[in-house]
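The hints should help you fit chain Y onto chain U, whose structure is shown.
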Amino acid sequence: MGLSAISPGVIKATIGTGTFVDAVIDKPLFDLYEPLTRTFCIPHVIPNKWAFEAVLPGTGLIYRWLRDQFSLKEVETARSVGVDPYDILNLEAASVKPGSDGLIVIPLFMFSRGIVWGLSFSHTKAHLARAILESAGYGMNFFIEVMGGQGIEVSEIRVDGGGARSPLWRQIQADITGKPIVLTRVIEDASALGAAILTSYGVGLHKTIDEAIAAMVKVTEKITPIPKNWEVYNRIYPKFADIFLQTAMETKI
Amino acid sequence: MSGEKQYLVIFDIGTTAAKTIVFDANGSIVGKAYQEYPTQTPSPGIVEQNPEDWWMAIKTSAKKVFGLSKIDPKDVAGIGVITQRATVAPVDKNAEVLYPAMTWMDARSSPSADALSEQYPQRGTISKILWLKDNLPGIFKKTYKFITVDAYVYHKLTGNFVSDFTNSAYGLLDIIRLRWSDELSDATKIPVEKFPSLLSSGKIAGELLPEAASEVGLAAGTPVVMGGGDQQCSALGLNAITPGIIKATTGTGTFVDAVIDKPLFDLYDPLTRTFCIPHVIPNKWAFEAVLPGTGLIYRWLRDQFSLKEVETARSVGVDPYDILNLEAASVKPGSDGLIVIPLFMFSRGIVWGLSFSHTKAHLARAILESAGYGMNFFIEVMGGQGIEVSEIRVDGGGARSPLWRQIQADITGKPIVLTRVIEDASACCSGRRRSTMLCIGSQCDISRGN
Numbered sequence: 001m002g003l004s005a006i007s008p009g010v011i012k013a014t015i016g017t018g019t020f021v022d023a024v025i026d027k028p029l030f031d032l033y034e035p036l037t038r039t040f041c042i043p044h045v046i047p048n049k050w051a052f053e054a055v056l057p058g059t060g061l062i063y064r065w066l067r068d069q070f071s072l073k074e075v076e077t078a079r080s081v082g083v084d085p086y087d088i089l090n091l092e093a094a095s096v097k098p099g100s101d102g103l104i105v106i107p108l109f110m111f112s113r114g115i116v117w118g119l120s121f122s123h124t125k126a127h128l129a130r131a132i133l134e135s136a137g138y139g140m141n142f143f144i145e146v147m148g149g150q151g152i153e154v155s156e157i158r159v160d161g162g163g164a165r166s167p168l169w170r171q172i173q174a175d176i177t178g179k180p181i182v183l184t185r186v187i188e189d190a191s192a193l194g195a196a197i198l199t200s201y202g203v204g205l206h207k208t209i210d211e212a213i214a215a216m217v218k219v220t221e222k223i224t225p226i227p228k229n230w231e232v233y234n235r236i237y238p239k240f241a242d243i244f245l246q247t248a249m250e251t252k253i
Numbered sequence: 001m002s003g004e005k006q007y008l009v010i011f012d013i014g015t016t017a018a019k020t021i022v023f024d025a026n027g028s029i030v031g032k033a034y035q036e037y038p039t040q041t042p043s044p045g046i047v048e049q050n051p052e053d054w055w056m057a058i059k060t061s062a063k064k065v066f067g068l069s070k071i072d073p074k075d076v077a078g079i080g081v082i083t084q085r086a087t088v089a090p091v092d093k094n095a096e097v098l099y100p101a102m103t104w105m106d107a108r109s110s111p112s113a114d115a116l117s118e119q120y121p122q123r124g125t126i127s128k129i130l131w132l133k134d135n136l137p138g139i140f141k142k143t144y145k146f147i148t149v150d151a152y153v154y155h156k157l158t159g160n161f162v163s164d165f166t167n168s169a170y171g172l173l174d175i176i177r178l179r180w181s182d183e184l185s186d187a188t189k190i191p192v193e194k195f196p197s198l199l200s201s202g203k204i205a206g207e208l209l210p211e212a213a214s215e216v217g218l219a220a221g222t223p224v225v226m227g228g229g230d231q232q233c234s235a236l237g238l239n240a241i242t243p244g245i246i247k248a249t250t251g252t253g254t255f256v257d258a259v260i261d262k263p264l265f266d267l268y269d270p271l272t273r274t275f276c277i278p279h280v281i282p283n284k285w286a287f288e289a290v291l292p293g294t295g296l297i298y299r300w301l302r303d304q305f306s307l308k309e310v311e312t313a314r315s316v317g318v319d320p321y322d323i324l325n326l327e328a329a330s331v332k333p334g335s336d337g338l339i340v341i342p343l344f345m346f347s348r349g350i351v352w353g354l355s356f357s358h359t360k361a362h363l364a365r366a367i368l369e370s371a372g373y374g375m376n377f378f379i380e381v382m383g384g385q386g387i388e389v390s391e392i393r394v395d396g397g398g399a400r401s402p403l404w405r406q407i408q409a410d411i412t413g414k415p416i417v418l419t420r421v422i423e424d425a426s427a428c429c430s431g432r433r434r435s436t437m438l439c440i441g442s443q444c445d446i447s448r449g450n
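So the sequences go chain by chain: U and Y. Per the working numbering: the first sequence = residues 1 to 253. Per the working numbering: the second sequence = residues 1 to 450.
Same shape as in the complex, but just chain U (with noise of 0.2 Å):
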């Protein structure tokens, strides 16, 4: 609510630790949780709705995995000249080309099943740092598949969370899944921003929740996608997708 991504077509994408993907719908299609394509059906705070959502845990946390654990040296220049690792980090991530050269990671590290596959001697930190930020949005594009399989049609993708502040993973979502990516001026505090949209509507503030929406969401950025990227991407995905799923399956995630 908080990022107004609460008509037919825009979806909310929040990426902290992990990726949360929600649609808005006027029924539940199931009771809370569907096995087979692993989403939920949740009550949704507007008033008669309901809130599709699709989790994939731990997406962000690999991008911080890969600073603990293979980044020692940015985290020391970055402490050093006074900026944050992960911009360094995503500097690294950008001088990469989209599809990070074959690089596909697949991003189930809570399950134990985290794989890094099609692995060269050409392929640098730089490259997996990339690889990370794209698995993160063929995720998200596997779930706007799932939402279409639901006959959810997505037009929009609204993104909040600390993946949100990146420019460079904000185009690569874009240009993976296809959907202009929009940006709102609360990126951390979304759901916090969504309450005070609730609170203004109960205390009368505003007279409806679509005019407190209307008064408190400023749309700051809307990234469309980069055909040509979007082409590139388009090739990769269907492997991504094909690894993801067989992971999934043999883990019973």
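In short, the hints are calculated from the structure, not lab data. We put the CB at the ideal spot given by N, CA and C, even for glycine. Please note: incorrect hints may appear among the correct ones.
What the hints assert, rightly or not - Per label pair, the in silico range of CB-to-CB distance:
| no. | chain 1 | residue 1 | chain 2 | residue 2 | range |
| --- | --- | --- | --- | --- | --- |
| 1 | Y | 193 | U | 227 | 53 to 59 Å |
| 2 | U | 57 | Y | 39 | 38 to 44 Å |
| 3 | U | 76 | Y | 334 | 30 to 36 Å |
| 4 | U | 57 | Y | 376 | 34 to 40 Å |
| 5 | Y | 111 | U | 249 | 35 to 41 Å |
| 6 | U | 94 | Y | 26 | 56 to 62 Å |
| 7 | Y | 357 | U | 239 | 24 to 30 Å |
| 8 | U | 94 | Y | 330 | 51 to 57 Å |
| 9 | U | 42 | Y | 376 | 45 to 51 Å |
| 10 | U | 250 | Y | 322 | 35 to 41 Å |
What the hints assert, rightly or not - No farther apart than 27 Å at their CA atoms in a straight line, the calculated lysine-lysine pairs in the DSS-like style are these:
| no. | chain 1 | residue 1 | chain 2 | residue 2 |
| --- | --- | --- | --- | --- |
| 11 | Y | 32 | Y | 74 |
| 12 | Y | 360 | U | 73 |
| 13 | Y | 360 | U | 97 |
| 14 | U | 73 | U | 125 |
| 15 | Y | 5 | Y | 64 |
| 16 | Y | 59 | Y | 74 |
| 17 | Y | 203 | Y | 142 |
| 18 | Y | 93 | Y | 32 |
| 19 | Y | 59 | Y | 5 |
| 20 | Y | 93 | Y | 70 |
| 21 | U | 125 | Y | 332 |
| 22 | U | 125 | Y | 360 |
| 23 | U | 73 | Y | 308 |
| 24 | Y | 308 | U | 125 |
| 25 | U | 228 | U | 97 |
| 26 | Y | 189 | Y | 93 |
| 27 | Y | 194 | Y | 133 |
The following block gives chain Y in isolation, referenced to the frame of chain U:
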């Protein structure tokens, strides 16, 4: 043994560097130096070297050795040569290089090379020549000889265009009859005249030319003896040439070799991905399995993900690998479920089973274990061919690590034996004493486990 003419000088042209190693007649190393040369990878799959760089590195390493030691060039009985295999370059009549050497790691292909591979797989030298023929016909036409590394070096040393069977096996060689194959020549339309003359390992290639003698600091006229491919020489240098004893070299890749009396198939068996190639020992063949890239993966871990270790190692004066080994040793056997598939050379390397509890130490150990699993895989393949394995003799940079050796023993269930020479076992075999090769039997000390 009399004091004179007791030294054997070996030039070892490996994948990344040339070494000059001087042995005495007892197989002890009395001098050694090495010089790296660059490898060009202008695009994925293309891995080239400049033959002139090999010669420069030989000269530099030789000067380092003879500049430091008191070895009198007159006391050198002979010169031997060992090389990386299946690397090829076109040269003119004067051995001037017409196109960079396409190394054994080079994966270029062309339609006619692909067609050849269907029928005659793993003839790496021919594939590259066919690529040249398809793409640079002018150079193909101008080529007087296609030379493997050994042929280039023998020509520099003696002026003769010669090559031995272990180097020629990836070209037009008839593996069984040990002569240039008319059948292959017909199939590829590459005339055998474009190749050097064949000579067995251990035979005299020629005498050291005056010009080369002054360049490497040895006496003109010193006999130059045909050596061989690095892996076969290493098997000989480790005395892993009797049934049951195999050798496993972990350098840039893992090379597992058993000695056999007859080739089991023609060069390469696609099903088991193994080779039958001439040995440096007369009338013997090597059954060889190759897993490229194993050692390079550890280097990749060091270069890409261990900047801090490298920095620390430099400041306290140890090898960065020693720090990585300490990290790897801190993890339990099995790396808590982390498995590395070491197919980096084929862009199919995989790190599998990752969780947030896995650290860099886990990855280090899993890389070491992956080479052990690979070795075990090949031992199983050998078993399927009726080759029993009771002992594994190891060499190469990877053999330096006690942890890695223990991992290899623990995975294969076989004793792992180390000899006095760890990185120069292949050099140990080359060289000549009354037309026989050194280091057979008692000449090679087995420091452990024999």
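Quick rundown of the hints versus the structure:
1. Y/193 / U/227: 53 to 59 Å: holds, 54 Å
2. U/57 / Y/39: 38 to 44 Å: Once the Cβ atoms are compared, 42 Å apart, the range 38 to 44 Å for residue 39 of chain Y and residue 57 of chain U holds.
3. U/76 / Y/334: 30 to 36 Å: holds, 32 Å
4. U/57 / Y/376: 34 to 40 Å: Since the Cβ atoms of residue 57 of chain U and residue 376 of chain Y sit about 35 Å apart, the hinted range of 34 to 40 Å holds.
5. Y/111 / U/249: 35 to 41 Å: holds, 40 Å
6. U/94 / Y/26: 56 to 62 Å: holds, 59 Å
7. Y/357 / U/239: 24 to 30 Å: holds, 27 Å
8. U/94 / Y/330: 51 to 57 Å: Between residue 94 of chain U and residue 330 of chain Y, where Cβ atoms are some 34 Å apart, the hint is violated.
9. U/42 / Y/376: 45 to 51 Å: holds, 49 Å
10. U/250 / Y/322: 35 to 41 Å: Hint holds: Cβ distance 38 Å, inside 35 to 41 Å.
11. Y/32 / Y/74: Cα-Cα ~18 Å, so holds.
12. Y/360 / U/73: Roughly 14 Å separates the two Cα atoms, so the pair holds.
13. Y/360 / U/97: Holds. Residue 360 of chain Y to residue 97 of chain U sits at ~26 Å (cutoff 27 Å).
14. U/73 / U/125: Roughly 12 Å between the alpha carbons, so the hint for residue 73 of chain U and residue 125 of chain U holds.
15. Y/5 / Y/64: Holds. Residue 5 of chain Y to residue 64 of chain Y sits at ~21 Å (cutoff 27 Å).
16. Y/59 / Y/74: holds, 18 Å
17. Y/203 / Y/142: Given that 27 Å is the threshold and the Cα spacing comes to 30 Å, the pair is violated.
18. Y/93 / Y/32: violated, 33 Å
19. Y/59 / Y/5: Holds, at about 21 Å.
20. Y/93 / Y/70: violated, 37 Å
21. U/125 / Y/332: holds, 26 Å
22. U/125 / Y/360: holds, 13 Å
23. U/73 / Y/308: Distance ~6 Å between residue 73 of chain U and residue 308 of chain Y Cα, so the pair holds.
24. Y/308 / U/125: Roughly 14 Å separates the two Cα atoms, so the pair holds.
25. U/228 / U/97: holds, 11 Å
26. Y/189 / Y/93: holds, 21 Å
27. Y/194 / Y/133: Holds, at about 13 Å.
The earlier numbered hints that this structure contradicts are 8, 17, 18, 20.
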